[in-house]
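Construct the complete structure from the given sequences, taking the supplied hints into account.
Protein chains in written order, with the numbering used here: chain A, 1 to 342; chain B, 343 to 684; chain C, 685 to 1026; chain D, 1027 to 1368.
It is worth saying that the hints were derived from the structure and are not from the lab. Even for Gly, the Cβ is constructed at its ideal location relative to N, Cα and C. Accuracy of the hints is not assured; some may be wrong.
Computed list of lysine-lysine pairs in DSSO-like fashion (alpha-carbon distance at most 27 Å, straight line) [unchecked claim]:
| no. | chain 1 | residue 1 | chain 2 | residue 2 |
| --- | --- | --- | --- | --- |
| 1 | B | 481 | B | 446 |
| 2 | A | 245 | D | 1271 |
| 3 | B | 523 | D | 1210 |
| 4 | A | 181 | C | 868 |
| 5 | C | 865 | A | 184 |
| 6 | C | 865 | A | 181 |
| 7 | D | 1207 | B | 523 |
Covered stretches of chain D (chain B as the covering partner; in silico rule of three or more C-beta atoms under 8 Å from a C-beta of chain B) [stated by the list, open to error]:
| no. | region |
| --- | --- |
| 8 | 1096 to 1110 |
| 9 | 1196 to 1204 |
Protein chains: 4
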Amino acid sequence: MAVRAAVAGASGYAGGEVLRLLAGHPEVEIGALTANASAGQRLGAVQPHLVPLADRVLAETSAEVLAGHDVVFLALPHGQSAAVAEQLGQDVLVVDMGADFRLKDAADWERFYGSPHAGTWPYGLPELPGGRAALEGTKRIAVPGCYPTAVSLALAPAYAAALAEPEAVIVAASGTSGAGKAPKPHLLGSEVMGSMSPYGVGGGHRHTPEMIQNLSAAAGTRVGVSFTPTLAPMPRGILATCTAKAAPGVTAADVRAAYEKAYADEPFVHLLPEGQWSATASVYGSNAVHLQVALDPDAHRVIAISAIDNLTKGTAGGAVQSMNIALGLPETTGLNTIGVAP
Amino acid sequence: MAVRAAVAGASGYAGGEVLRLLAGHPEVEIGALTANASAGQRLGAVQPHLVPLADRVLAETSAEVLAGHDVVFLALPHGQSAAVAEQLGQDVLVVDMGADFRLKDAADWERFYGSPHAGTWPYGLPELPGGRAALEGTKRIAVPGCYPTAVSLALAPAYAAALAEPEAVIVAASGTSGAGKAPKPHLLGSEVMGSMSPYGVGGGHRHTPEMIQNLSAAAGTRVGVSFTPTLAPMPRGILATCTAKAAPGVTAADVRAAYEKAYADEPFVHLLPEGQWSATASVYGSNAVHLQVALDPDAHRVIAISAIDNLTKGTAGGAVQSMNIALGLPETTGLNTIGVAP
Amino acid sequence: MAVRAAVAGASGYAGGEVLRLLAGHPEVEIGALTANASAGQRLGAVQPHLVPLADRVLAETSAEVLAGHDVVFLALPHGQSAAVAEQLGQDVLVVDMGADFRLKDAADWERFYGSPHAGTWPYGLPELPGGRAALEGTKRIAVPGCYPTAVSLALAPAYAAALAEPEAVIVAASGTSGAGKAPKPHLLGSEVMGSMSPYGVGGGHRHTPEMIQNLSAAAGTRVGVSFTPTLAPMPRGILATCTAKAAPGVTAADVRAAYEKAYADEPFVHLLPEGQWSATASVYGSNAVHLQVALDPDAHRVIAISAIDNLTKGTAGGAVQSMNIALGLPETTGLNTIGVAP
Amino acid sequence: MAVRAAVAGASGYAGGEVLRLLAGHPEVEIGALTANASAGQRLGAVQPHLVPLADRVLAETSAEVLAGHDVVFLALPHGQSAAVAEQLGQDVLVVDMGADFRLKDAADWERFYGSPHAGTWPYGLPELPGGRAALEGTKRIAVPGCYPTAVSLALAPAYAAALAEPEAVIVAASGTSGAGKAPKPHLLGSEVMGSMSPYGVGGGHRHTPEMIQNLSAAAGTRVGVSFTPTLAPMPRGILATCTAKAAPGVTAADVRAAYEKAYADEPFVHLLPEGQWSATASVYGSNAVHLQVALDPDAHRVIAISAIDNLTKGTAGGAVQSMNIALGLPETTGLNTIGVAP
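Below, the structure written as structure tokens:
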């Protein structure tokens, strides 16, 4: 019997991507689709790439419309998920693709989001130590942020194996879809094509505390993070360049071995052969993480570089992967590791 | 029992795309992969997006290596397919993604390709009148060119219904993957980003006689074509703007009705609702054709605009679709109509 | 003594481009800069590329602020120029980069813009027959639309020499800056990168009557135009592919000769050597028009393809060129024909 | 009397850019243009954007052709400049845009380039401490690498003021023109559009020792550098994100003050107002450096981010700026700080 899934926020980029994946998921039947400003429109008018769902009409987001499904994906502005989730009941699997339930520390939440903390849900990054167990059978999933997904998978093995000092320096480039579909002047095609630009510099990005949370858990001690996100002239993709001083005596072979061991059995993490580096084009539309790691012999730093699709593994693909685990389905169902390239 | 498929020319863009599709095809098992300059390399080194096949090693293209498969896809430079096909025998389904067997007229071939004509195979565009029947049970398929796919599907209904005069004016924009993976200065990223440029202007493009062949068949009379291809700053996609003087008395309603009728049951041709126009982003990586048509009331011209992914519906997706028909499989097996967007 | 110039609408793309050019114009001193929503801001906050003017503060647009200049450039939404121009007096040179005064036919204006016609000013395309004379000493200039600039220069010589039949078919690709800086969802970088899409299809684009006006004047008879604009994934540039049935007996040599003669002395129109085609990258940021023309021997059509920078020659460069003529300065002052490439 | 300038390597990107600038330089007359593979061709065939020079013919590179000029710009593959320079004599100003004479340490050269060290010339980065004096009256100039230009200007003030610890972590994104015009598969438009990818990771990039040289000179002690370059989907531009642990007790005000002081009188370094960050689009085609700096309060790191045009300030503009100093011309002659945006 099919799993019935609803999507709240189906007109945006995260909502569109989860629908793209669910439409190809053999165990899922797509139910209600809701939106706010676009309610009443055909889905085809706002998501023309989703041909099989083109004639579906977007409903206003409400608990009534979302009721009666086995799974509800929330792609809502932050701060709105808690109210909706409460009305859905404890027997419905609620997968929140927003930020509301990612952070464990209420003070972090309040500092970075400026509103009361709604709580903490099981965290949807199964590749982290203990990550998979936390998701089995759960009815609530907080899907990680796109940058924290790329960064945590890049550096967790180094910290879990005590290979790096607890101060990470991270510079990541993201495609523009990470900034969403609400039109803003700096996101216009005229502005972003041909341009690289940083934003949220100096500790201000909301994804920083989430990275610190994940890396500290892997390290067993607090890891400081200097994170600089940049906007890149491409629609999708994150390339995260993550470095940290290597612990004394650590060799390139130690680093390689730790990563090979950490990801030997992971279906979506693709540790590249030595010498080959990640590129976002290779993961376009796929749930794969392309990862490479090296030891800079001069600077004695671990350099781990991951490439993901911010909308797939970084959002909707990660959400479906975690849903699969929560429902007891094979984890890779409806997902793939093949990018659309060139 | 799985269909065993080999791909000759697996290191290029057409070869890579057919592998992307075959890897998700439930009835196909991927066999030999061959190349020329890249023979001996891991597939992952040249097609890093094809993770599940990364450790496959490319063999030198030869009849021996390609033998023993049910289907062989040829993605070879033009002029090379005939020799390979001959050695494969008549019981193997050979799907040629090159130009060698597309044209019926030997003089056309010789004029545009400057070499002797190898012959004509059943033409892999099932949506054309009579197209599907020609493919059932065949052991040889000539996959259409990417531009002729976009153009023929855009204009055939108008000509089949005698709505347009037999002189078509076509301007099409193609992503750069249509020009292949062999490095040439004008295809460098530095040259193509930020630039639109025409090429093969004035009747010189090799796809012109193929369009004339298809449109003339639909019209039942010779259709002249003025075709201007342009290179657009995007990796994939064709947008074909196709116009022709409307026949006297033809109305917008006549035009709409003809296209609705022509494509009512086609699984891959998506005639958009009136007023919504095609965009290549919507078909990225999908086998769909997004099509819109209108009658310009002032110029009294039929304007049909189609968007396809040049590598999917325009090459490898069309190849798999025709293979499905030839093998008696459901036509849509392993293909989808959902693009990767944004 | 320097010419003092003001710019109304300095926060937008046309306003920014005219400032870029005026800042390098040896005879011009930049005076008042005005805006609407951005009034009160530093220019550097909205036009960060204009470093020498970064600390200028944008004033609210008003006749008072614009008074006291020799030249006033208007980069305003259509419909607003007439009121401003009236208040400026007849001794000030007013250069309107909007549409208000381009069309001669009031009925055309009303049909395409839906408001009363404000009048007709001397038309700022000196390369058209008689174009230069109309601008000498004038105090009012209507700067042409970007598409009509590209198209009129591409086809006027063919019509002036009676080489083509009076039905032109034009497909043009424009960079996104042509759509302006007001944020709209379909202009987001995420939407436009990787995508070609048409708009205003079927005679609806407002630039169509302007093309008809120019080409008809060149031909001495009414020329019908089928015009399809498309949005291309690049910030700047127009590539206009313009074709028309050649008159009976016209040869390729006739066509070449007519264009060589028409543009032999034009400083900004660069007729390319035979066989080399226009590309928008070559005119990036320059006032040049790269033009090529051919006769398709099979379709017997004249094919003229022009590339311009829509913001430079297509808007602000054309405006400065016409200002130079009106003021009696050498026409090329402050302008150049060298693009920023690659 | 005009300065006569020749350009060796006029068919490549650096050569084309120096010609673009020299064509607008009021004191320079352009003399011989040479190339290798393109010798004998019209310049317009390989650099179509340089309209005023289109009919110049490229000569074979030789001392004879380059003789008789006041200045010779060399845009040659590394290892070739020394032989040419020797033949030109000591009274000719030779400006080498290649790497041959940048490094002071012969061992560094041999490690990174694998050939004997040719020597060290005055270094063409006048904004560094002592940089301007080293160039006055010189007859030999080593133009810095594009990355070292961006990085050295971003971090030198912090090191000169002893605000940062001597271990810098740098991640930079470059447009593809930085990789040159020789066609290679990974530089194809199909590969680079939509993709961010690192290269030369782990200390291997040849620009690393040059950065160490410059930053160490500023600091008065050896500065270690961890440098990761990435290829971005744009033709031009470098965004360099440069961070280093702040020295104990350093405040945000200390950092701001040091940068304001360092660059108060620099014509090309534009320290942005606090809170506004650099973007490569703003420096497109200009010689400006857009720079911002902050102190991350949590990680206690100095974060300096610079944006330059890799071909202008990063290569040819820097070359012209240094030429101006060497010849006693005003430093900004023929250069500007206005980018072509959007």
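How the hints compare with the structure:
1. B:481 to B:446: 18 Å, holds
2. A:245 to D:1271: Satisfied, since the Cα-Cα distance of roughly 12 Å is no more than 27 Å.
3. B:523 to D:1210: 10 Å, holds
4. A:181 to C:868: Holds - the C-alpha atoms of residue 868 of chain C and residue 181 of chain A are around 10 Å apart, at most 27 Å.
5. C:865 to A:184: 10 Å, holds
6. C:865 to A:181: 16 Å, holds
7. D:1207 to B:523: At roughly 16 Å apart (the allowed maximum being 27 Å), residue 523 of chain B and residue 1207 of chain D satisfy the hint.
8. 1096 to 1110: Violated - the region 1096 to 1110 of chain D has 0 residues with a Cβ nearer than 8 Å to chain B, which falls short of three.
9. 1196 to 1204: Holds, because 3 residues of the region 1196 to 1204 of chain D bring their Cβ atoms closer than 8 Å to Cβ atoms of chain B.
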